[in-house]
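Peer 1: The chain contents come next:
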Amino acid sequence: MPETIAFLEPKPSVLARRHQIVEDLTDILPPGCLISEKRGLVPFETDAFIAYRQVPLAVALPETTAQVAAVLKYCSRYGIPVVPRGAGTSLSGGAIPQSDAVVIGLSKMSGILDIDFANRTATVQAGVTNINISEAVSADGFFYAPDPSSQLACTIGGNIGMNSGGAHCLKYGVTTNNLLGVKMVLFDGTVIELGGKALDAPGYDLLGLVCGSEGQLGIVTEATVRLLAKPEGSRPVLFGFMSSEEAGACVAEVIGSGIIPVAIEFMDKPAIGICEAFAQAGYPMDVEALLIVEVEGSEAEMEAMLASIIEIARRHGVATIRESQSAAQAALIWKGRKSAFGATGRIADYICMDGTVPLSQLSHVLKKTAEIIDGYGLRVANVFHAGDGNMHPLILYNINDPEDAARAEAAGNDILKLCVDAGGCLTGEHGVGIEKRDLMLHQFTQVDLNQQMAARAAFDPQWIMNPSKVFPLEGRPAA
Amino acid sequence: MNYEPTSEMEAADMIRQAAGTGMPLAISGGGTRSGFGNRVRADRALSTRKLSGIVSYNPAEMTMSAKAGTPMAEIEAALAGNRQMLAFEPMDYRGVMGTSGEPTIGGVFAANVSGPRRITAGAARDHLLGIRFINGAGEAIKSGGRVMKNVTGLDLVKLLCGSHGTLGLLTEVTFKVLPLPPAAATIVAFGLDDAQAAAAMAHALAMPVEVSGAAHLTESVRYRFVGSSHPEGAATVLRLEGLPASVAVRAEKLKAAFAQVAPATVLDHEATEKLWRDIRDVKPYADGTQKPLWRVSVAPMAGHQLVAALRLQTGVDAFYDWQGGLVWLRMEADAEAEMLRRFIKGIGGGHATLVRASDAVRAVTPAFEPEPAPVAALSARLKEKFDPKGIFNPGKMG
Ligand SMILES: Cc1cc2nc3c(=O)[nH]c(=O)nc-3n(C[C@H](O)[C@H](O)[C@H](O)COP(=O)(O)OP(=O)(O)OC[C@H]3O[C@@H](n4cnc5c(N)ncnc54)[C@H](O)[C@@H]3O)c2cc1C
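If you read the sequences in order, they're chains A and B.
The numbers in this note's numbering rise by one with no breaks, and the one at position 197 of the first sequence is 197.
Heads up: take any position in the second sequence, counting from 1, add 1000, and you land on this note's numbering.
Just so you know, not all the hints are guaranteed correct.
Claimed, not checked - Using 27 angstroms as the maximum straight-line C-alpha spacing, the simulated DSS-like pairs for lysine-lysine come out as follows: (1) A:LYS230 / B:LYS1253; (2) B:LYS1142 / B:LYS1176; (3) A:LYS417 / B:LYS1176; (4) B:LYS1253 / A:LYS171; (5) B:LYS1142 / A:LYS417; (6) B:LYS1255 / A:LYS171; (7) B:LYS1255 / B:LYS1283; (8) B:LYS1283 / A:LYS171.
To be verified - Chain A is nowhere near these chain B residues, computed Cβ spacing over 10 angstroms in every case: (9) ASN1002; (10) ALA1060; (11) THR1063; (12) LYS1158; (13) GLU1219; (14) GLY1242; (15) LYS1283; (16) ASP1334; (17) VAL1364; (18) PRO1394.
Stated by the list, open to error - Every beta carbon over 12 angstroms from chain A, so not counted as near; a handful from chain B, in silico: (19) GLU1010; (20) GLY1022; (21) SER1052; (22) ILE1054; (23) GLU1074; (24) TYR1223; (25) SER1228; (26) PRO1244; (27) LEU1378.
Source of the hints: derived by calculation from the structure; they are not laboratory data.
Ideal placement from N, C-alpha and C gives every residue a C-beta, glycine not left out.
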């Protein structure tokens, strides 16, 4: 395991009271809701950023908001760090615990509480999976728009924690644009409700601040999200190009033309190979870059939009165009794309970068990324949300070779700095977590970060909520 | 003497000075809302009037950066030149407020002003990508950026948007813009009562036709919007936008669905633009009076229940935007704040903002919905973290 990213020093006062804490939490929670023996804790030692691991002190799996509040009240009283956890699919280490922390997992709170088609809202518990919401409303012609590729596993609480996006966010926005309200528990056990079924809330936009706060402002236990009417039809089309530059320029022109497809996804040659081997989606193998462009609407609308997009693609020298001929084929095309990370994981260990860049910089950043990777003697597969400039270079390496791991981490840092320098940001949807924490000063000044930390302290003055994440360990306010 | 900084640095200096002596500042852009919100107790005004100008505009990337004091007219002209727009349709308050002056882009975001398209395109806050602001200690802070997807650090952009100048002085805003729809049409159904209209709008929004505006213009206001050449009664209006062929197909579908419940007609592109501008700007209540005007935000299906309950108790005129979830309420006499807010709780929650009233009424009526105690405490702690000396717009949101 690489050693470059530090966690906060565990608090000796907490570690020393371990037995007492476990005993007390056992009393607070119903039977079967506390894990404290080593074997049971191991599954919680990391998330999908597997390069780092820390076994927590205990894992609480509450069944109600009141139980979440009781655990938080107890932890704040004794200054015990708390790490909220959904499904643990974070790619930035956001859900990795620390040895003196109590993990509060929301997995037992996975109920759908209210579906209201007339108001187009669903109210769910935080531990419900993303896909469950869409499945619950699909038969009635609705869906929940943000669709992270991890949607079979990831929870709405984790989506709110990271302000997650997905392939279809180009048109529908990310989590924050589709979230209407939350019930949440603050560090000291206070339960508050923000927003609701109305489209806007009074006072400061606390909901907007909470979304994407990476478990640092409190624990979300319920969420009210916006439902949308499903489009009449949708159709993904594959566009193969002989160079990444052409594909990048095509994306920029499609967006600039005023057509907004639902999704524009990009894959380079290594990614195409990996995904095709896994999903047999019919991706063209003889091209350097592939775009999946999805349009939706009625048959006539899709035809009209596709005609314009095809015309633009031709201007950029498109080599192959493949329209999906059936729903099954469309599903396969998406299966290939959505399993990109998993399929990559079968051939190598990888870390996934998440910088976002202005569209005009796509080609430049892709080229520079290749140079950086070459410089470290590594391999990379690029698969990402091109329509909004959200890049995902997957850096392949061997986790059991410490030198290789260190090189991958260094290459990743260089790529993220490149994104910031190109006018973009460190993370478009995966969050800062621990992974990008120490790069924050590349994007922000200390004064900028101080203001963010001050806002954080308004919610959690004790800094017990997921404290090792997001903000560089140096430069924090004195406790 | 008022402060009119000409640069971010100058603004920071002025604010630092004011903080040093604890001198309260009234923050304004164009001052077009001067009657709105609670009365600000400040010694001096700080206007962004001279912090003006578009900093960068890249139509192909669909983003614009502008200094906070840039007049809306300048922004809108630049966008129109490239057939683009602010998709959240910020309203012009000059009509209802009876003010003149030039609204600024900073004021629009500081007040999170959003119009009819909010139901599908999102609010102002959903389009704001990045900000620069000066906090109450006189420090220049940046948050967000100029890319569409960005989750780097806490989202102070959302927090500042809608904070009405109480957390910081916005000096520069970067926001998303969208192409103007090449075609638009409005389906109008006549004669539905408020409850029927709510059901009809919900039905329309459940259809795969991408409605981009849904309003119900009650009988008392309907003629201010839709002429008498059409059938009588209230008008329920649904807007469609997009490519011409697509709008035509969708309009047919929607009209067919509506024709089953009420006489329906279709308005063309030009009539559609005018209608929705009038709805956005609350035309019937731009009446030159000081009758109390409320902006109420509730669940879409609850709006008509609220109005029905109020009508039994007091003289009130109302119409609905946002599928019924945004209610514009004009009280004929008293503001009835207490009753209104109690009824809102009774129908499942939401909030009411007093947009306009006489000075006497404003002096005794909290303009913003009071928050539950734990949330109010949180907001107060946040205010303290951004403006420790309490110099920005004291009293405005309190
Ligand atoms: C194969 C794969 C594909 C992915 N694809 C995408 C993608 O397309 N788009 C995308 O955006 N992300 C993607 N991700 C990343 C990840 O799935 C998202 O960040 C997801 O939202 C995390 O949800 P989770 O339930 O697993 O949360 P966790 O990983 O458990 O937690 C994520 C963060 O949220 C906090 N948190 C969790 N629950 C709560 C709560 N109830 N209250 C407060 N804070 C909470 C945690 O403390 C942590 O900081 C992918 C991950 C994998 C492994």
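Peer 1: None of the hints should be skipped; say for each whether it holds.
Peer 2: The hints, checked one at a time:
{"no.": "1", "hint": "A:LYS230 / B:LYS1253", "in the structure": "16 angstroms, holds"}
{"no.": "2", "hint": "B:LYS1142 / B:LYS1176", "in the structure": "17 angstroms, holds"}
{"no.": "3", "hint": "A:LYS417 / B:LYS1176", "in the structure": "24 angstroms, holds"}
{"no.": "4", "hint": "B:LYS1253 / A:LYS171", "in the structure": "23 angstroms, holds"}
{"no.": "5", "hint": "B:LYS1142 / A:LYS417", "in the structure": "18 angstroms, holds"}
{"no.": "6", "hint": "B:LYS1255 / A:LYS171", "in the structure": "26 angstroms, holds"}
{"no.": "7", "hint": "B:LYS1255 / B:LYS1283", "in the structure": "26 angstroms, holds"}
{"no.": "8", "hint": "B:LYS1283 / A:LYS171", "in the structure": "31 angstroms, violated"}
{"no.": "9", "hint": "ASN1002", "in the structure": "26 angstroms, holds"}
{"no.": "10", "hint": "ALA1060", "in the structure": "3 angstroms, violated"}
{"no.": "11", "hint": "THR1063", "in the structure": "8 angstroms, violated"}
{"no.": "12", "hint": "LYS1158", "in the structure": "3 angstroms, violated"}
{"no.": "13", "hint": "GLU1219", "in the structure": "23 angstroms, holds"}
{"no.": "14", "hint": "GLY1242", "in the structure": "8 angstroms, violated"}
{"no.": "15", "hint": "LYS1283", "in the structure": "21 angstroms, holds"}
{"no.": "16", "hint": "ASP1334", "in the structure": "21 angstroms, holds"}
{"no.": "17", "hint": "VAL1364", "in the structure": "19 angstroms, holds"}
{"no.": "18", "hint": "PRO1394", "in the structure": "16 angstroms, holds"}
{"no.": "19", "hint": "GLU1010", "in the structure": "18 angstroms, holds"}
{"no.": "20", "hint": "GLY1022", "in the structure": "19 angstroms, holds"}
{"no.": "21", "hint": "SER1052", "in the structure": "23 angstroms, holds"}
{"no.": "22", "hint": "ILE1054", "in the structure": "17 angstroms, holds"}
{"no.": "23", "hint": "GLU1074", "in the structure": "22 angstroms, holds"}
{"no.": "24", "hint": "TYR1223", "in the structure": "28 angstroms, holds"}
{"no.": "25", "hint": "SER1228", "in the structure": "32 angstroms, holds"}
{"no.": "26", "hint": "PRO1244", "in the structure": "9 angstroms, violated"}
{"no.": "27", "hint": "LEU1378", "in the structure": "7 angstroms, violated"}
Hints 8, 10, 11, 12, 14, 26 and 27 from the earlier list are contradicted by this structure; the remaining hints agree with it.
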